[in-house]
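Peer 1: In case you want the letters, here they are:
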Amino acid sequence: MRRLFLLVIFIIGIVLTLSAQYQDSFKVTWIEPGSGVTLPDSDAFDSTDGTLGVLNASGPVNTKGHPFFTPLGTNGRACVNCHQPTYGMSVSTTGLLARWRETDGKDPVFAAFDGSNCPGLPQDKESSHSLLLNRGLFRIPLPWPPRNADGSPKPVEFTIEVVRDPTGCNTSPKYGLKSAEPTVSVYRRPRPAANLKYVISGGQPIVLKTGMLADVDPETGKPSSMNLMTDAREPSLKAQAIDAIMGHEQAHEPPSRQQVDQIVEYESQVYVAQQAHIFGGPLAVAGGPPGLGPAALRDHRAGVLGDNDYDPVFGLFTAWKGNDYYRSSVARGADIFMFRKFWLRDAAHINSIGLGNPLKRTCATCHNAQMTGQDLSAGWVDVGTTNYPTWTEPSAESSDLPVFKITCSRDADPHPYLGRVIYTTDPGRALISGRCADVGSIVMQQLRGLAARAPYFANGSAKTVREVVDFYDRRFDMKLSDQEKEDLINFLEAL
Amino acid sequence: MERTVCAGLFIMAAIALGQQRNFVSCPIVRDTKTVPCFLAEYEGETYYLGIQQDITNAFHPPQLKHQVLVEGRVVAGPRVCGGIPLQPLSISVLKEVNLACDTLLPAEPGIDAPDAPRGPGPASRRPESVPEAGSAPRGPLTGRQEFTVLYAFDDDYLEYAGNQVVTEAAAYAKRIGASTVKVSGYRATTLLSNGDRLIEKAGLAEKRAQNIATLLRGLGVSHLMVEWSNEAEPGDGQADPSRRRVTIVVTPVVTPVVTP
Chain A
1 MRRLFLLVIF IIGIVLTLSA QYQDSFKVTW IEPGSGVTLP DSDAFDSTDG TLGVLNASGP
61 VNTKGHPFFT PLGTNGRACV NCHQPTYGMS VSTTGLLARW RETDGKDPVF AAFDGSNCPG
121 LPQDKESSHS LLLNRGLFRI PLPWPPRNAD GSPKPVEFTI EVVRDPTGCN TSPKYGLKSA
181 EPTVSVYRRP RPAANLKYVI SGGQPIVLKT GMLADVDPET GKPSSMNLMT DAREPSLKAQ
241 AIDAIMGHEQ AHEPPSRQQV DQIVEYESQV YVAQQAHIFG GPLAVAGGPP GLGPAALRDH
301 RAGVLGDNDY DPVFGLFTAW KGNDYYRSSV ARGADIFMFR KFWLRDAAHI NSIGLGNPLK
361 RTCATCHNAQ MTGQDLSAGW VDVGTTNYPT WTEPSAESSD LPVFKITCSR DADPHPYLGR
421 VIYTTDPGRA LISGRCADVG SIVMQQLRGL AARAPYFANG SAKTVREVVD FYDRRFDMKL
481 SDQEKEDLIN FLEAL
Chain B
1001 MERTVCAGLF IMAAIALGQQ RNFVSCPIVR DTKTVPCFLA EYEGETYYLG IQQDITNAFH
1061 PPQLKHQVLV EGRVVAGPRV CGGIPLQPLS ISVLKEVNLA CDTLLPAEPG IDAPDAPRGP
1121 GPASRRPESV PEAGSAPRGP LTGRQEFTVL YAFDDDYLEY AGNQVVTEAA AYAKRIGAST
1181 VKVSGYRATT LLSNGDRLIE KAGLAEKRAQ NIATLLRGLG VSHLMVEWSN EAEPGDGQAD
1241 PSRRRVTIVV TPVVTPVVTP
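Protein sequences, first through last, are from chains A and B.
Residue numbering for the first sequence follows my numbering, starting at 1 and increasing by one per position.
Residue numbering for the second sequence follows my numbering, starting at 1001 and increasing by one per position.
Please keep in mind that the hints were generated in silico from the structure rather than gathered at the bench.
This one's a predicted model, so the numbers in the text were calculated from it and none came from an experiment.
Hints should not be assumed to be uniformly reliable.
[As the list claims (entries may be wrong)] To give an idea of the chain A side of the interface with chain B (calculated C-beta under 8 Å), a few residues:
#	residue
1	N75
2	K197
3	S201
4	P205
5	I206
6	G287
7	N308
8	D335
9	F339
10	I353
11	L355
12	N357
13	K360
14	Y417
15	V421
Idealized CB from N, CA, C, for every residue including glycine.
Generate the whole structure from the sequences, applying the supplied hints.
Peer 2: Shown next as C-alpha cells:
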C-alpha cells in the first residue's frame, strides 16, 4: 500500500515537473471586452494534456480600443467574447461554465439574443442557457426563406416544419417560423478566428460540388473559398465581421470601415495550435514533424492540397516513428489519418460529386487542405451529424436540439441518400441555398487547436475528441481497434 | 486468373462485339485488393463500368442507393473485374433514392481491378498540369468556336469536365471580345435495349441553358444569347448521351473587308 502511494506521488511529481517545464502555468484567462490588456506575441494556455500555443505574428496586440476587443453593439459583447485566445480563438464549455459561475450568468457572452436557448426564456436561469453551457452552442437565427443580397427571397426547394422544439424558439410566435419575420433557429459552435489565411484560400469561380458560381468577395471581386462559417453564408472575413457585429453584438449601426479592417487585420495574424504535450514535451522541435505548433501555421503556404503521400496534410511524421510511446502513437495516428482505408458511404457532396458511392479512401480524402484539414474546395458535406438516422443525437425525443421535417418538392433533386423527406436538427447549408440536396451539409472545420476547444462538431455533440473518433468509426464502420483510436486521438490533439 | 480469362473469352463469343447495351439497373460494387470496380447486370450478364478514381477522371462511378442508366458498346477483350467491358460508355446516376441498390461484393482472389493512376489511399503522383477529364486540349483557338457541355441523364449538374469546357469557352470569348456567345440547351431521349424510351424531364433544356449562361456571365462574358428547345430530341440508342447537352457558340467580331 505504501509502495503504491509512493508510486502515485512519484507519477504526480513527474507530471507537475513536465507541466511546469512546458507551460507558463496552468492559466486560463478569460479576456473581458474593454479590459485593455496587451496580448504578447506568443502565449500558451492550458489544454487537454498539454498547452495550446497562440501566436500573434504581427507582435504584441494592444487591445485597448481595439474593435475586436471592444463592444460595438448594444449587448456589451465584443468579438473576443466568443473567440478567446485561451480556447483556441473559440470557446469551450469548460470556460463557459466557469464564466457562468464567476459572473452569475451576467457575462455578455450569455446575452439573451443568442447566448440563451431563446430570448423569451427567463434569462437568470441556467437552464435557459443549457445549449451554450452544455454544448457550447449559440443560437443562429436565420430568415426563412433565405434572402438574396438585395433582400429578395430566394427560391427554395423544400418546406420546413418544426417537429420538436425543446427550446421553444422555433414555435415561438415572436421568434419562430410562423412569426411576423419567419425565422429558423439553429444552434452552432463558434469557429476559431485563427489560422484564417488557410480558411479563406482556395476559392474557385465555379464550385466543384454544385457546378454553380461561387460567391464573390464584394470588395475584391474574387471568388470566395466558401469555407467560412458553418453554412458559408458570408463570402469574406469582412462580411463575416459585419454580420457578427450586427447579429451577435446586436449593433444598430454597422461598424466603420476602419473598425472592420482592424478586426480582419488582427484575426488574420493569429495562429493557434497545440504546442506541447504533458508527456511528449514540445511538439514543434527541429527535426520533428514540420506541421506542428503555431509557428508552422504562420510560415506555411495556404491553399495546398495535402491528400497525397509525398507532402501530406500535416507533414510527414517519420521522425517520430519508433520514438517514445507518445510520439510513436502520434505518428501512427498521422498514418491512420492519411492511409487507413475505409468505405466512405452516403456522404452528400463527397460521394455524390462524381467520386462514387461507396468510396474506398481515407480521412485525408475530405480533410485534404494542408495544415488545417479542411476541404480545399468549398467544404460543405453531409457527413451525417445532423440528419436522421446517422445524427449524433441519441434519439429525437431525448435531444435538446430542435428537430425539423424537410419535405422536398417533386421538381427538385432530392437529397442524394435520404430522398425527399428528411428529419434533421440543422439543415445546414440548405438554409442558405434553399436546395434539398444541401440539407444537413455543414462546412468542414479546421482541425487545429482541438485540445483547447471542446466540444466538437458544429452541434457540440462530441464532448471529447474520442467521441468524434467514435462517431466516424460508427458512421463509416471503420472498425478501428482501441489502439488505433488512441493513436488517432493523440494525433488530433497534437494539432 | 487464367481460368477467368478463358471463361471470359468463351462468353464474349456469345455476345456480339459492337453491340450497344442501354439499360437501367442497380450498380454493383466489387472490392479488390486496390480500388473498387463498378459493375452492372443486364439480362443475366455482368458488365464492367469502371473503377474508382479522382473527380478529374472522365469516368465518374455510379452510386449505391441509386439505379444507374448504362449506355455503352461491347468491346473486344477479356473481362475486367468479372464484367464485359463497354466502350464508349456513359453512365447516369438516376436521382431518386433506391434502397434496393446496395450490393457491395468482397474482394476475391483472381478478380483484380485494372492498373490505375491512383490507388485507394492518398495520391502518390504529383498532379499533371493538364486536367484529365474531357477531350484532349485544343491548340490555340481562332474564329468561330463551338463548345459542348454534356450531361448525365435528367441532370443539370455540371461535372468536372463540363466545368473545364465552360471555363475554356469563357476565356476564349473574353480573349477575342466575342460579338455574340450563343448558349443553346437541349434535352433528349434514350432508347433502351429493351425498346423502352426514357425522356428527360420538361424544362431541363431551359435549366441547363440558363445555368450555363449564369456561369458565363459570372466569368465575365457578355453579349450572351440564350435559347433552348422544349422538345426532347429523339433517341436512336446509339448516340443518345451526346444529345444531352448545352452548346456554346462563340462568334468573333466580323471585321469589314475594305475594298480599294
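Peer 1: With reference to the structure, classify each hint as holding or not holding.
Peer 2: Evaluated hints:
{"no.": "1", "hint": "N75", "in the structure": "violated, 38 Å"}
{"no.": "2", "hint": "K197", "in the structure": "violated, 22 Å"}
{"no.": "3", "hint": "S201", "in the structure": "violated, 17 Å"}
{"no.": "4", "hint": "P205", "in the structure": "holds, 6 Å"}
{"no.": "5", "hint": "I206", "in the structure": "holds, 5 Å"}
{"no.": "6", "hint": "G287", "in the structure": "violated, 24 Å"}
{"no.": "7", "hint": "N308", "in the structure": "holds, 4 Å"}
{"no.": "8", "hint": "D335", "in the structure": "violated, 10 Å"}
{"no.": "9", "hint": "F339", "in the structure": "holds, 5 Å"}
{"no.": "10", "hint": "I353", "in the structure": "holds, 6 Å"}
{"no.": "11", "hint": "L355", "in the structure": "holds, 6 Å"}
{"no.": "12", "hint": "N357", "in the structure": "holds, 4 Å"}
{"no.": "13", "hint": "K360", "in the structure": "holds, 4 Å"}
{"no.": "14", "hint": "Y417", "in the structure": "holds, 6 Å"}
{"no.": "15", "hint": "V421", "in the structure": "violated, 11 Å"}
Violated hints, listed in ascending order, are 1, 2, 3, 6, 8, 15; each of the other numbered hints is respected by the structure.
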